[in-house]
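In terms of our numbering, the sequence shown is residues 12 to 829.
Check each hint, because a few of them may be wrong.
[As the list claims (entries may be wrong)] Label-pair ranges, simulated between beta-carbon atoms:
(1) 240 / 120: 52 to 60 Å
(2) 212 / 105: 40 to 48 Å
(3) 224 / 278: 20 to 28 Å
(4) 624 / 596: 32 to 40 Å
[As the list claims (entries may be wrong)] Listed below are the simulated BS3-like cross-link pairs for lysine-lysine, each with C-alpha atoms no more than 27 Å apart in a straight line:
(5) 119 / 34
(6) 548 / 441
(7) 428 / 514
(8) 491 / 514
Don't read these hints as lab results, they were simulated from the structure. Idealized CB from N, CA, C, for every residue including glycine.
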Amino acid sequence: MNASSPINLMLVEDERIVAFDLKNQLQSFGYHVSAMVGSGEQAVACVAQVAPDLVLMDIHLEGRMDGVEAATQIQLHHQIPVIYLTAFAEDDTLRRALDSKPFGYLVKPWDVRELHASIQMALARRDVEIAVENSEHRLKLALDAASLGVFEWLPKTNRMHGDGHLGALFGERHVPLDESWEVFTDRVNADDREHVVAALNEAISCGEALRIEFRTVRSNGGPHFLEATLKAYSSSSNERRIIGILQDITSRRHTEDSLRQSSVVFHTAAEAIVIANADLGVVAINASFTRITGYSENEALGFDTDILLGIQRPGRHSKLFFSELAASSDGYWQGEVICQRRSGEHFPAWQSLSVVRNAQGNISNFVIAFSDVSEIHVVEERLNHLAHHDPLTGLPNRLLFDDRLNQMIEVARRQQKSCMLLFLDLDSFKVVNDTLGHGMGDELLRTIAERLRENLRSVDTVARLGGDEFVILSGGTEKKHAADLAQKILNMVRLPVNLNNQKITVSGSIGIAIYPDDGSNSHFLMRAADIAMYAAKSAGRNRYSFYSLDMAEHNNERLTLEQGLRSAIEENQLSVLYQPQVDLDDGRIFGVEALVRWKHPELGEIPPGRFIPIAEESGVIDSLGRWVLERACRDIVGLTDSSGLQLRLAVNVSALEFRRDDFIATVCEIITQTHFPANALELEITESTLQTIDRSVQILCDLKQLGIATSIDDFGTGYSSLSVLRDLPIDRIKIDRSFIQYLPEKTDGISIIRAIVALAMSLNMKIIVEGIEQPEQASLLRELGCMAGQGYLFSRPIDYTTLAQLLVDNTKIPDIAR
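Build the full structure now, drawing on both the sequences and the hints.
Set out below in structure tokens:
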């Protein structure tokens with residue numbers, strides 16, 4: 012309050028004479044009476060306009076609102092001190108007046124000096140209250156600015172008072188607070204309560220300021236982390252109390268956690284990390300930097316890393332580079348650099364650089380991270396080698412060979428010269444693989460590859476395309492050079508190879524194509540060499556062949572047959588004929604052999620000798636063999652011989668079919684679907700099928716258990732070990748027609764047939780002879796002990812209808828019993 016200005020008073024008195032008298036007395040003391048009203052309503056209405064320093068209020072006034080009610084409203088809304096001037100002092104009136112918190116109470120009549128003194132005391136008290144209010148307001152503002160909360164704990168009453176920022180503990184609850192100690196501790200995380208209680212008790216006992224941290228329960232988006240600074244004080248009544256400040260430090264704790272995590276990442280990262288100042292001087296390094304470069308932290312501090320490590324950035328000057336980096340919008344760069352270790356060794360590194368700016372946008376630090384990528388380069392070289400080389404032999408693979416072939420063709424085209432391509436395929440490699448195992452087969456391939464690598468010129472390229480196929484690229488210009496090279500390779504391949512203490516000899520077939528005569532690009536040249544290689548195989552193997560146009564025509568015909576054969580089954584171009592099998596003693600038909608025939612819609616009848624090998628090479632033999640077996644079983648089931656027994660059915664099975672994992676399951680499925688009796692079925696296999704002994708024995712045993720018989724077709728034309736025949740459950744031997752076709756004119760084959768018959772009898776096997784065309788042959792074979800046969804003498808292969816009629820009229824079988 013300004014001491015130079017008069018004190019402004021407001022009088023509330025319903026007796027006008029008394030009011031004017033009081034006004035005069037007050038003015039004599041220097042007071043200014045700005046308003047005089049006679050009712051409580053008027054006092055409340057005009058107090059805001061007058062803004063007095065103090066109100067002198069009569070209690071009993073005219074109107075509905077008395078002086079106590081008017082004073083209460085004025086205190087509540089304007090905080091203006093009120094002194095009651097009244098003639099009444101009853102207990103009820105005093106009690107009501109006391110509730111309005113007046114600054115004085117004078118009972119009429121009073122002495123004017125007493126009133127003057129009361130006014131001065133009231134104004135002095137108001138000045139003190141205003142000072143306290145201002146102090147409290149400043150404290151609240153300070154607490155608000157620092158986001159602090161204040162609490163007080165009174166151990167004697169076990170109460171907790173609080174004010175300020177306590178949202179972490181109390182959420183939206185109104186503050187200040189006044190609650191029991193138990194309610195407060197319920198807000199503290201259960202794991203921290205004991206710690207909080209212990210700290211408060213310690214503060215009471217030691218009298219020193221303490222600082223503690225604790226967590227709240229999971230509420231208000233928590234848990235929150237709080238920090239309390241507290242100290243014990245004694246009141247005038249010697250009651251101990253705890254005063255403290257609370258601060259929500261959740262954000263700080265998260266920041267500290269992030270910093271700790273960043274520190275762990277910095278020190279444990281596999282990458283080398285460097286923090287440099289704005290002048291590029293090293294401020295800090297991690298352990299990986301020392302591990303990778305060999306420099307300790309003491310040796311690195313203060314150095315420019317580019318100078319310390321001799322960093323080379325291809326095409327970039329070091330000083331200009333960092334200036335450009337600092338000027339860039341993102342302040343980031345990464346790329347490969349060359350560094351030097353403390354030992355002087357150079358190594359490639361992948362480096363990342365980041366600019367760190369302060370709050371003002373100025374560069375404060377550079378963060379440099381790099382990793383040693385030497386091993387990655389080594390791996391890349393290995394992967395590149397694997398991508399372009401055969402992993403088994405180490406020779407170039409198809410990818411690298413195609414690239415070199417295209418390069419050589421391009422050089423030859425520019426220089427108008429020739430180059431030659433040799434396609435080598437090993438003969439009978441599959442037999443070695445199946446007989447000795449894939450491990451020995453791989454060793455054979457490695458040996459052949461090493462021989463080729465050692466004996467060819469460095470300017471020549473030899474590659475393995477896969478399997479047992481090799482290609483050789485040479486720059487010779489004459490056919491004689493190509494022939495000499497091919498013969499050299501064949502001689503080299505034929506040298507014995509020691510595998511598993513056995514000397515194994517294989518041969519090869521080579522096809523030769525010459526650029527530009529046989530092909531204008533790599534595709535046509537490879538195709539020509541491949542065709543020539545197959546021509547060499549067809550000509551007897553262990554030889555070489557130059558490509559010619561008639562080979563291409565033959566190959567096209569073969570491709571036409573292969574593609575046609577794939578659709579022949581679905582388009583009903585195939586048929587099955589049946590050649591009777593006869594008892595040589597009485598001429599009775601006891602069985603038939605199923606023989607497939609193909610009538611091509613354009614090429615006409617195609618003999619089995621042409622399309623069966625193609626079916627085996629192309630893989631069509633699986634579906635073809637299944638179709639023949641199922642068709643024959645459906646045709647023959649129910650047909651009987653002269654004694655009423657089910658006619659026996661013989662069906663040829665290729666080696667590829669026989670070795671399939673699902674072969675037994677396929678046979679079982681067919682005889683089940685066709686209801687053909689298993690004991691009337693005989694499967695004919697060749698001697699080569701038995702090369703994989705272990706697998707063959709299991710399949711033959713499974714067939715035997717099903718009741719299905721097996722026979723060796725074309726016996727004597729292949730390779731059969733007597734020990735193998737002894738151990739295999741074979742039921743019948745079929746003697747090939749080549750042993751009897753010149754009988755009886757030439758007797759050379761009689762001793763062979765006699766030996767085969769003796770062998771079959773000793774092994775408890777039956778015999779059937781194919782290709783019988785003359786009665787004399789049948790009689791001689793019967794005398795030698797052969798009791799069954801088939802051939803044109805008895806019947807050509809016939810269709811199902813003719814067969815059925817033949818079984819009814821058995822007189823068409825010649826009488827050979829005599």
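Subject >> Status of the given 52 to 60 Å range, CB of residue 120 versus CB of residue 240 >> reply: Check passed, 58 Å falls within 52 to 60 Å.
Original post:
Does the Cβ-Cβ separation between residue 624 and residue 596 fall within 32 to 40 Å?
Top reply: Given range 32 to 40 Å: holds, Cβ gap about 37 Å.
Original post:
Within a Cα-Cα threshold of 27 Å, do residue 119 and residue 34 meet the stated pairing?
Top reply: Within the cut-off at roughly 16 Å; holds.
Subject >> Hint check for residue 105 and residue 212 - Cβ pair distance inside 40 to 48 Å >> reply: Distance hint for residue 212, residue 105 holds at roughly 46 Å.
Original post:
Under the criterion that the straight-line Cα-Cα distance not exceed 27 Å, is the pair residue 491, residue 514 satisfied?
Top reply: 32 Å, violated
**OP:** Assess, step by step, whether the Cα of residue 428 is no farther than 27 Å from the Cα of residue 514, and give holds or violated.
**Re:** 42 Å, violated
Original post:
CB of residue 224 to CB of residue 278, is that within 20 to 28 Å?
Top reply: 26 Å, holds
Original post:
Between residue 548 and residue 441, does the CA-CA distance stay at or below 27 Å?
Top reply: 14 Å, holds
Checked against the numbered hints above, the structure breaks hints 7, 8 and satisfies the rest.
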